[in-house]
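> The task is to assemble the complex, starting from two chains supplied on their own in separate frames and drawing on the hints.
One-letter residues, chain by chain:
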Amino acid sequence: MKITSIALVRGLIFQVIGTIFGMLLTMLLRLVMGLPAWKAEPALVVGAIFGVATFMYGTKVLDDWLKWVNGEETPEVEVEYQGPGGWRRLASLSFDHKVIGVQYGITSLIVFLLAGLFAMVFRTELATPGIQFLVPDVFNTLISLHGIVMIGSMLLGVAAMSNYLVPLMIGTNDMAFPRLNAFAFWLNVPAVILLVSVIFLGGMDAGWTGYPPLSANLGKIGFAMFFTAVYFIGLSSILGALNIITTTIRLRTKGMNYFRMPIFVWTALATALISLTATQLIGLSFQLVLFERLFGMGFFNPNLGGNVILFQHLFWFYSHPAVYVFILTGLGVISEILPVFSRKPLFGYKWVALSSLGIALVGFFVWAHHMFTSGMESYLRVPFMYSTLLVAVPTGIKFFSWMGTIWGGKLTFKTPMLFVLGAISIFLLGGLSGPPNGTVATDLFLHDTYWIVGHFHATMFGGFVFPFFAAIYYWFPKITGRMYNEKLGKLQFWLILPAFYVQSLGQMQVGLLGMRRRIADYDPTLGITLQQTLITIAGFVIGLSVIVFAINMIVSVRKGEIAVANPWRSRSLEFQLASPIPDHNYEEPPEVIGQPYDYGKQDAEYVDMHPSSQPAAAD
Amino acid sequence: MKHFIAAALLVIVLTALGLFALERVDLLPVQASLQAVPIDDLFSLQFKIIAFLFALIVGIMIYSIIFFRRKKGDDSDAAHIEGSTRLEVFWTLVPLATVLYISYVGAQALGAVQREDPFPLQVDVIGSQWSWRFEYPEYDIISTELMLPVDKQALLRLSSTDVIHSFWIPEFRVKQDALPSGEEFVRELTITPTELGNYRVRCAELCGTLHYDMRAPVVVMTQADFDSWIEEQTAFEVTDPVQSGQILVEQFGCTACHSVDGTPGVGPTWQGLFGSQEELSDGTSVLVDAEYLYESIREPGAKITNGFQNIMPPEIGAGLSDEQVDDIIAYIESLQ
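These protein sequence lines map, in sequence, to chains H and C. Each residue of the first sequence is one higher than the last, beginning at 901 in the numbering used here. Each residue of the second sequence is one higher than the last, beginning at 47 in the numbering used here.
Warning: the hint list may mix true and false statements.
[Stated by the list, open to error] Taking lysine-lysine pairs in the DSSO-like style, the calculated list, with each CA pair at most 30 Å apart, reads:
id, chain 1, residue 1, chain 2, residue 2
1, H, Lys1501, H, Lys1250
2, H, Lys1501, H, Lys1154
3, H, Lys1387, H, Lys1459
4, H, Lys1501, C, Lys48
5, H, Lys967, H, Lys902
6, H, Lys960, H, Lys902
7, C, Lys117, H, Lys1387
8, H, Lys1314, C, Lys48
9, H, Lys902, H, Lys1459
10, H, Lys1154, H, Lys1250
11, C, Lys48, C, Lys118
12, H, Lys1459, H, Lys1314
13, C, Lys94, C, Lys48
14, H, Lys1390, H, Lys1459
15, H, Lys1314, H, Lys1390
16, H, Lys1390, C, Lys118
17, C, Lys118, H, Lys1314
18, C, Lys117, H, Lys1390
19, H, Lys1387, C, Lys118
20, C, Lys117, H, Lys1501
21, H, Lys1387, H, Lys1314
22, C, Lys48, C, Lys117
23, H, Lys1501, C, Lys118
24, C, Lys118, H, Lys1459
25, C, Lys117, H, Lys1314
26, H, Lys1501, H, Lys1314
27, C, Lys349, H, Lys939
28, H, Lys1250, H, Lys1314
Please keep in mind that the hints were generated in silico from the structure rather than gathered at the bench.
Next up, chain C with everything else stripped away, as it sits in the complex (with noise of 0.2 Å):
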């Protein structure tokens, strides 16, 4: 009985000192959403069962290895206890009965986090190798920085046009995979920002070379802000052809894989790149035009740049206008 209860002392004395370091460490990323709420609530709850759990056993074994060890010379074995019914139901029955518990805690959680607002900012979230761009069809405005008013729900519909990426910002908790193919395999995230602020979004979803670098900036702003943000979008119009290319450029991610100024990347740099003659992978070679070109966006595996892999997603330029397009071979052809 001794035993029992020096172990339990060292179980509590255990449980404490984890709880007390668990306050101390830094252990999640600032709260900036309303769903992060119910998320955060349900972790301090496990990370404190966590902590008793690995206090008990941790405890009990600390207890055995320092009181239970061999005596020098003691051959003899210990004593015969081959177990007990009753310590058996026991230790099933209380996890079972915990683990129900969370489960329960935990679905009530992601009913909270799932919450639908009946009027949300809608933002289409789409997701290329390896960049990010962010349309408003409310406004018929399209981004590469996602700007959200505070304490209003955005709906996200998230997309991608090549393979899996997964939208995610650590300081608003939840993450959704963005899945290529069209409208069917549309998916959604409700997010409600509730701290102004410059976040990243960053893809949480291996999706190739530059994986890592995949991240585009989010701002949380007031609402007055986000208005006069979304005047001064629309109010915005490009006339230059070249201008309109190289915003058009940035939105869809060309850049993510091809430079501007000549610096080596996963597909060829425009710098100097129209009027060349580019070796082709099957050894013939072919004069860079316009029509090259515009080939080349609309069906980015008919010839391949000797050197270079064919990676580039036929459907990155589904969303482009045959006018836009034309911008961007303007743009290209600037880059001299």
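Next comes chain H alone, as it looks inside the complex (with noise of 0.2 Å):
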């Protein structure tokens, strides 16, 4: 197999291409309008739409569509396989929508180490008052990106985990339209590329939120790439939306009622439904500012007939919801894991699957509580402080629901038992820590200082992250054929769980004490300097559970136990399967004749997987 057969390789080598390309069309362009050649930004902003475009290209994604416009008939698309296995077949092109769904998490991880690695750099500043060896520009460049990053990471990480498990769960054997699910994943490695090429192109300053007018600030080519790189990213989420909310309503297999899904799938389905409908305001916003940098149009510059604070709108319009499709799918995989590991039904099924259609709707109707302190109209902050605390009444009927699951059930804890468990601690303090920033008064003081920090990073890992681990150790053996090392991921567990304690409740002390947000050096008489050390630590053995994961990760892919088809007795239709699950999920399409979990109920079946070979029910 050569080399440049492989589509993640063909690709780059187009979009450096494309890259070219675009930069030169852009000189060229500029010469016919009588400019000089060379301008940096357009050059690069036109060059990486291109090289965005030509690396689709090269992969092959859009090889079938092409030949569609061309009037060509192309096969079904083919699931069986037999190329090499490994990394190969990760960086190859697939239609697969488990393969995706691993190329999905494991770009996810990648992303997230790089994430994580900015902020090691920057929380090492941190450690101590004075500016030790950042400069302030890189600083700011940093935080930034640790910030747009990490939030790319859990995009992908949604994908990842609603890609393998919706088409498994619902009992079907692949998304609705594959060749989209594979052109919305490829997406998403030009777009990476580009976010990280900030670095390079001078940084960005204004945190991940870009607001301008400082990020219209032409100093910085840095925040054309973030905004493009955006973009795409934001697109590749729209697309992958449409895919879910298509499988779910469409492939569900016979006597799959939607009262019958797993809850995970409910969850996949309201995150997608966010997706849909939200993302195209963070486009949006970002290419009206994109357009401010390059054309001069001042969309938010009221010096040209602009408004400052209309960016804020738009831009909160989707990234509050945007939060929910991180946190929604976080509590679907709790929900999910929770009754499987207490043998106990999951309490309130309905109740819990209907709150989170609840939390998608009420999210949508809570965005301006980010700009209780913007300026923006005063008597709008009211209203909106009701309607954000309204978001705790079904987020409390989860937690009421996981309570009434775990009380008087036969627990045992393996790993993603105990990473569910602090999954649900832990989004519980990120939780409770919300309504005082809900509440317009205490927020005048809380706005922009370390405590929202706390509250966010708490909402973030207790309400995906901690929930990500658990179903990548839960779903491990149906992925990998083997088990994961259980004594390293208790490791990690309790590696993980003190230490985020004390980052969490430490940012948000300094942050009541006075500390501000993005801020590259602190004033040592706030009397912080000590909790500011501890925080870094605290970062520190968090970033040493998370090598600790991936040596487990990459040692048992190779070497772990093999693994039995249902090693958790779990209900769910994915575990009746073999382990790895096939190429072709389901031989025939199985028949959902129960309910999914109904643990401790004598011979309630939830699912027949091979309805044809039944005889005949009795007249």
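Next comes the structure, spelled out in structure tokens:
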């Protein structure tokens, strides 16, 4: 197998060529317009856009579509795979939802490590007061990238889990649009490259939120790459969401009513509804700033007829619901795993299922709570305070239902269960630290302090990172056919849990004592030096725990104990298949005949894997 | 039933521990304004609710982990309990009532924070990358320190000459963004200091390279001290252009980026600048004279010194008269 036949390699080569072509084209156009040929920003942006397009062409993901344009017929998507396995398969073009899920997952983890590395660097700087080794411009770039790259990582992680699990859980063999699925995944690769290129192109210093007029500052070309990259990641998110929604509505197997779907499918659906309808707003807002930079259009510049606050409304209309994209998926994982290790039904299945839609719905009406001090119309503040606190109601239903699930259960504490329990406690901390920011009066103090940093790290770790780890451990045998190492899994948990509490509580405390967000240096007279040092140490322990995780994964993939089909005695469909799951998930469409979480009920079957071989029911 | 009582006891103990810990830990800076009072009261209420709810869920969880673990060798499932509609309705309605109550109390507190006095002291607060300027229109005073009389409400009118900044003094609690682009975007903030002392205003909205360092001193003084400060400032008249220029560059925040002693900064240093040949970013070079400096202050983007970024906001010197610009040039000329 030649190296150039691998989609990733071809894509990268094409991206380089396309970027150069786009830059030359810009120079040519500028010459035709009578301008000096070279201007860095327009050349780089056009180059970047061409680079992404040619990357996609290079991967051959467009081939079938291009044939259709020419009226050529193409065979059905081929899932059976004969080529070499391992990383070569993962770097190649595949239309199999399981492979795409794993591709998303591995990309997510690589990007997660990168963003974590950024955090390590600036946390080292913040361990003691004074500027040690990071000049402020680099510091600002690193915190901005830490934020946006982590968000990219979480979006990829969400896509990984929903791509892998949704078709399996609803009993079908692939997504509704396999080619679109592959397209949506591959779009992320060049986009992440653009995002990282920000470092080498002068950086950016407005945080991941990129508020203009600061982000319209022409001195820093990094902003242009940031806006372009996020635009493509957003496009991927929209296409992925479309696919999940269609798949869930159209491809459920016989008997799979909505109220027989596993909770994870419910949360994936709620998540996809948000992504499909809100992502446009961040795309739009970033596109407008990019046009402001490239063409001098003053959408957010009052001197040119714009409005500086308008950006924040557009931005948060997506970026608040986006938070629920991450956490709803994570909460879905919690609801999925908890009953298995409690050997008890999920308490109040319908309430938990519908609460996800409730959170998604209310999530659309709360965005302006990020703007209480922004100088928006003052009368908007109180209604947004009410809507914001309402989110606590459906979220509360989930917490109480989880407690109802474990209460009186027969709990075992394998690594996935530990991560799920840890997730609940950390998400609780994150959730409960929310109302002080949601009430206007206290937010006037808390806004843009480290309290906020502590709050959202707790919601993201509890709502996404811990559940993501739990999910990887839990479905590892289905993905690889091998077991992870239980000792290393538990070691990771016992490193990350206490470290995270130290970090998050420390951040909240220094925020209350007066430390602002996003500052390269802090005032030692605030009396927060000890806490800062502890936060940094805790951050490094979290880093260490992730290394333990990585070692566990890499070793277990090759040398782990061979996994049985259903190591957790789960009722879910995917655990009724062999480990690893065969290329064509189900030999024949299974039939759902019961409830997903009926643990402890005698003879309560959930699914009939071979409905055709059953004798017809007697009259 | 015995499980419920034991778990309830655990929740009570954990709540008590949580409340005790909250008492013992430093949580907020000194309370130094009238507006801080309703905010701190709301904090205290919320922290208590948080302590209870955290203890409630974590208590149940810890209890379950200890008492509902699987016995060795027991492979059977637990009791089949699908849920309880009555409980679900209960834990929907009780949180709903709680959040409505907190929102109501929150709105009351906001009302108290926003209460305006009839005759406040007006101060125009202007943020620039990366300095603050305070103008007292009633007295025609410009200052780089915010002087406030105690127990008198100050009406701060916030604006910015470049990007979004945010005005925050932790001891006073309240915060408001300062927006660029003119009168329409001026935002107000009322503060009534209640404690004499020295504080610092800090920019709370990331505003570029030196954001972390965008601070200015705040002094809360007695009315008598404030009156004599006003008198001192208004009586103070400068005739020497160099001295006048020196005061202006501090007031307008020029020295945030341009050092006067050769220290490298975000902008070119002024030491030895006048009369030198500067290399520009387009490869040409230019003699630094009064004309060049005038252009660079009025139209900062016109010529960019090689190695520096075009980030000086054009509006930064909009408040300067031509005479004042001349004073600044005279001051730069004096820095040899």
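> Quick check: which numbered hints come out false for this structure?
Per hint list: zero violations.
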